[in-house]
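Q: Chain by chain, the residues:
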Amino acid sequence: MTDTRLCRTFQTAPAAVPRDDSAKFLDSGLTSEGFQTPDWLVPDIEDGTAPSMKDEAVENIADRLPDHAPDFAGEILPRVEWAYDGEEFRERGTEQVRRLADEVGEHLDGFVFPKVGRLDDVRDAAGVLADAEREAGLADGTLEMAIILETAAARSDLREICQFAADSRLSGIVFGPVDYTAELGGRALHGERPRWDGLLEALSNETSAADIVAIGGPFDQLFHERAGVTYYNAEGYADQVEHEATIGIDGSWSLHPKQTAQANRVHMPSGEELDRDLSKIEAFNDAKREGTGAVVVDGQMVDEATYKNFANTVQKVRAIDESHPEQTGEHYDDALLSRALDVELIFN
Amino acid sequence: MTDTRLCRTFQTAPAAVPRDDSAKFLDSGLTSEGFQTPDWLVPDIEDGTAPSMKDEAVENIADRLPDHAPDFAGEILPRVEWAYDGEEFRERGTEQVRRLADEVGEHLDGFVFPKVGRLDDVRDAAGVLADAEREAGLADGTLEMAIILETAAARSDLREICQFAADSRLSGIVFGPVDYTAELGGRALHGERPRWDGLLEALSNETSAADIVAIGGPFDQLFHERAGVTYYNAEGYADQVEHEATIGIDGSWSLHPKQTAQANRVHMPSGEELDRDLSKIEAFNDAKREGTGAVVVDGQMVDEATYKNFANTVQKVRAIDESHPEQTGEHYDDALLSRALDVELIFN
Amino acid sequence: MTDTRLCRTFQTAPAAVPRDDSAKFLDSGLTSEGFQTPDWLVPDIEDGTAPSMKDEAVENIADRLPDHAPDFAGEILPRVEWAYDGEEFRERGTEQVRRLADEVGEHLDGFVFPKVGRLDDVRDAAGVLADAEREAGLADGTLEMAIILETAAARSDLREICQFAADSRLSGIVFGPVDYTAELGGRALHGERPRWDGLLEALSNETSAADIVAIGGPFDQLFHERAGVTYYNAEGYADQVEHEATIGIDGSWSLHPKQTAQANRVHMPSGEELDRDLSKIEAFNDAKREGTGAVVVDGQMVDEATYKNFANTVQKVRAIDESHPEQTGEHYDDALLSRALDVELIFN
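Read top to bottom, the protein sequences are chains A, B and C. To get the numbering used here, take the position in the first sequence, counting from 1, and add 1068. To get the numbering used here, take the position in the second sequence, counting from 1, and add 1068. To get the numbering used here, take the position in the third sequence, counting from 1, and add 1068.
So that you can see chain A by itself, here it is in the shape it has in the complex:
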């Protein structure tokens, strides 16, 4: 787990749907290309899959991963069933983890647990993973864990849950606003759910303190309709993703390849951003050689503290370039990318 770990997109794909080809969406995720490849692909056995198709969902994952996982550029973490207040969900989830770890454990990066409760429940989920790992003969710590933050109990224990990550396989926390709003008894009185700003700010802080990944919630108004024509709601989703990026949420939930393509880009510095921050770093580096502490660039004071903000931008670009050179190649012009790869970072 490092600051430059990529987690721009968390794309859920129902692992079985009632079609002739029930693995349609799973296959689509596993074979996605370019900006449509999510950093994390999450084959969904939970809410996205009908109760009657849970077994087929597990089979589809076990069937498809050996063929597709080796060539997939991102990480793969299925979402299994779980609920802090429902034993039958935990039992089914435990069985799903066990089967997948046993059959395709070497192709998996971990599992996602929804509806966790207080710290004890998160510990239980981690224990399920440890057991499954051992039974499957996988090395200790192979399987990472992400949880969905969508209950009042988990929000209440958020700080302790994040501290638990230091000694555990917990590597990411994902916001689940729909269940969360329902648990709190919130109402979309004028058509909008609350954004839960306090929760998002705490999520960004506690995951940063624990050096794990924070992911925003899904955006389900996928399409708009006007005058009889339905179109992809690119504005609404980008607004949410940009807000998440602003407050330090590392990545965004995607329900569709188009959302993945957008979120991968938003969580990537723009050319203008990169040029601006590079210019400030270069100006500061020059001033530093002359022994000045505080430098004013374009009327803004730059010091060690502001410098680190600019260095973050450069480091992110370097990380994306390492695993997705086709994305950085498309996104930045050559001269700018070279500056980003070559500049000296005094503080970072």
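No lab work stands behind these hints, which were simulated from the structure alone. Don't take every hint at face value.
If several chains are the same, the list does not tell them apart, and a pair holds so long as it fits within one copy or across any two.
Here are the simulated DSS-like cross-link-like pairs (lysine-lysine), alpha carbons at most 30 Å apart as the crow flies [stated by the list, open to error]:
1. Lys-1356 with Lys-1092
2. Lys-1356 with Lys-1376
3. Lys-1122 with Lys-1092
4. Lys-1326 with Lys-1092
Since chain A is already given, all that's left is putting chains B and C on it; use the hints.
A: This is chains B and C only, laid out in the frame that chain A set:
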């Protein structure tokens, strides 16, 4: 304590005022009808009653309850004196609780304690209730407790105070923004106090995790004046109450029967809301029978998680209908109400 | 530490800059007059001073304080180097504290520690002060401590850090938004950093519960340019300071004498505010003599709770008048000031 417990309105009424009939407002609350009946009536011995009239306030309550309480549809919880940082307030409050429990305990549902501090102080208040209950010969747990959240110390301990509710008679937390703002040294620089969004979000979360009731703060701009005419500020109050409902605050503070009539309605699903949520539930129920996991209704994905939001609406209507059939009868047309009472709730 | 302690302004001044007179900004702060005198002057050895000039910064402070500190109306707390995640910073900071305590300890009110982490790290910094104090032969507790809240770890432990203040020399917490945003990985996507409302609200609450001082973050857009003319950004800074005052943040960070002059005024009640609150107090005092509990003034209910808000205004004016009579003399007309100094405060 269940999810469907009604707590839409917390109406304070000064228990003694300097008039010929000093129990005027108390009587008015106890004999209110229809939508003006608060779910909780709070005869106020604290800030609403002048220091010189505290004894008369206690006497008024002891005098009026035997006549009116048996016919009153809501719960009755007097607010006594208390302050974490003032021993004389706690002593007077203790005496007020003792006298009322002894004289009219069988007509009371509990007491409200203002200006509590950290968890220890809340425990002390609970101990006062337990003692009074025993001395009055009431069954253990008869008297519930609500507290006003209006000090920095109580806000700091909010999570622990809510966890204490699991083993105690604490059943509700009410926000007190005026004292709270004063404690923090806040200023209404442009005429408006802060809304304290972080506190309200935490209050909604922690009370939900503890399964107790959360109530918003009073709205004291009761009246507006324009061109010489003073009128009830229906807009301002409704805006506040609607915001509270949106974020899952269960009920609102009322200072006036008109506010009670508004808050009872806002915390009740509108006909349009009920129809919309019923339609989604019915569409999902139909799709479920065909074995589909994720259903799109009006461009929005509906799954088990979103479903629960819609089920909340229906369950609230059923709870109100049980205790206030005249309110549901007035508020909904017959066909809609029948659908709400009859629909099958698959997840809830 | 009392409620009336003055901390309207926290002005940092680089203690050494690469000019002929390297103590230019330090001298300017120490000899400031009238509204430009900060309540706390913070000679900055950390980010405001170039790495090559740290020693000269310490020397400048040791050199200037004996001459200027005795006549300086505010408190003096140098900011030394420190970082929870950098041992070399802590070692240099420890040495800086030791030297200054030894050489000019009698002219210092304390020290400011940046980039502290969890409670343990804050304890360590307090230990450094205690050691330096003892070695310098200063009375126990002479040197106070303020910390900059600018890491995810410190935000996570904010409640515990504030509780630690009860048994320690910790007397103030200052927000550092630039480093904080960088730590969380936040981005100024549309040119603006987040305001971190949740953090500010928690900071106001926890410092109030601990009875210590809360200070907002620096505002670095010092100047604007239009049509070739650069001018002081008075609007932007005042907006930020007013927001801080509204939510009970006690004082504001200043980077410039003009900012100090503004923040000193904003954190001082306006004449209109003072007149309004005095009128309500006077009206309430009159009504109280007639035995009324709840009083309506201009359509707003005034009770003991609202009264305290008004009393806060009066008490603040009295505190400023005690130490800066020239400021209150300039700010208020004589009749108004006399009313503030003479009115009886029934509740406060």
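Q: Taking the hints in turn, state whether each one holds.
A: Hint check results:
no.: 1; hint: Lys-1356 with Lys-1092; verdict: between (56 Å within a copy, 20 Å between copies)
no.: 2; hint: Lys-1356 with Lys-1376; verdict: within (14 Å within a copy, 52 Å between copies)
no.: 3; hint: Lys-1122 with Lys-1092; verdict: within (15 Å within a copy, 63 Å between copies)
no.: 4; hint: Lys-1326 with Lys-1092; verdict: within (16 Å within a copy, 57 Å between copies)
Going through the hint list in order, the structure satisfies each hint without exception.
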